[in-house]
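The task is simple: from the sequences and hints, build the whole structure.
Taken in sequence, the protein lines are chains S and R.
The numbering used here applies: residue 2 is where the first sequence begins, and numbers increase by one.
The numbering used here applies: residue 4 is where the second sequence begins, and numbers increase by one.
Simulated from the structure, these hints should not be mistaken for lab results.
Warning: the hint list may mix true and false statements.
Simulated pairs of lysine to aspartate or glutamate, EDC-like, Cα-Cα distance not exceeding 16 angstroms [unchecked claim]:
#	chain 1	residue 1	chain 2	residue 2
1	S	100	R	104
2	S	98	R	104
3	S	100	R	101
4	S	100	R	75
Since we're looking at a predicted model, the values are computed, not measured.
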Amino acid sequence: MDAQLVRYNAMTIVLNIAKQFSRSPAGRYVTDGPFSGQAFRENLLLPALRQSETVEVQLDGALGFGSSFLEEAFGGLVREAGLKAETLHQKLRISSKLKTYEQRIWHYVDDAKPKG
Amino acid sequence: MSTAVSPDGILFGLTVKDLLIAVGWLFTIFGWLVSNAQANGREKRKEARAEVDACIKLLAELVTKSRDYYGEAAANPQSKSRGSEIRFELQRLIARVERLERKHAQFDVTGACGELMDSISGDPFESADRQALAADADLLLRIESAAHVLIEQLEDGFIKAFG
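Structural data, given as structure tokens:
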């Protein structure tokens, strides 16, 4: 896994899941495997969101995503990391040829409730 | 005064005979255009039908594979490869269905794709402590129900697009 963040310009970090994380991301928690949604969120997505104005996550190139992975990676930003859905709508861009993935991700973000 | 038109009479610089030939050609061209448009329409319908059928077949296979996957616990040595296969085929299915939607606006299937995706690959998909499910488990019924909704929407889209 190449955990280096690719800076597209001064304000945007681009994360390509297939290239920088895994072509076959799988599972929700780190206990489910090394390329889980939790691992992606904690190792790549959260650091990128903290370092940059905007983050573009590119989904194309991976061999499919499970809802459990996407929910933990993106819904977990609200539930576990305490970020607000409105903030994510401003800072996060999802790039995918498949509309379904993008719609599900925003559904998970909007549906997640902060813990505690 | 006679109203009969002589076959050798002149109209817009053409004889009546020339005009009749030209009209004949116009009818031939118009007929060809209509027949060509109908043939194109039939071809598009046939292509869309074949694609809808292929998606439904893929969907049925995906439901069967999901049943096999959830019928065994995560401890099964084939669990990981079966999970990857389901994830890959789910993505292929979504791509094909979305392509249909882009080609024919009457198909409105993204919502149903999302529901299917959540039912198949939501928890406990790819969980390390996943237990085997009974054949009548709620999750399996939910997968079948979501597959049924997607099939219905594909068929409805086809009817709206092609009658």
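Against the structure, the hints:
In summary, the hint linking residue 100 of chain S to residue 104 of chain R is supported, as the alpha carbons are separated by about 11 angstroms, within the 16 angstroms threshold. Between residue 98 of chain S and residue 104 of chain R, the direct Cα distance comes to roughly 13 angstroms. Compliance with the 16 angstroms bound is thereby established for this hinted pair. Using a Cα cut-off of 16 angstroms, the hinted pair residue 100 of chain S and residue 101 of chain R holds, with the two alpha carbons roughly 8 angstroms apart. Proposed proximity of residue 100 of chain S and residue 75 of chain R is contradicted: the alpha carbons are some 31 angstroms apart, above 16 angstroms.
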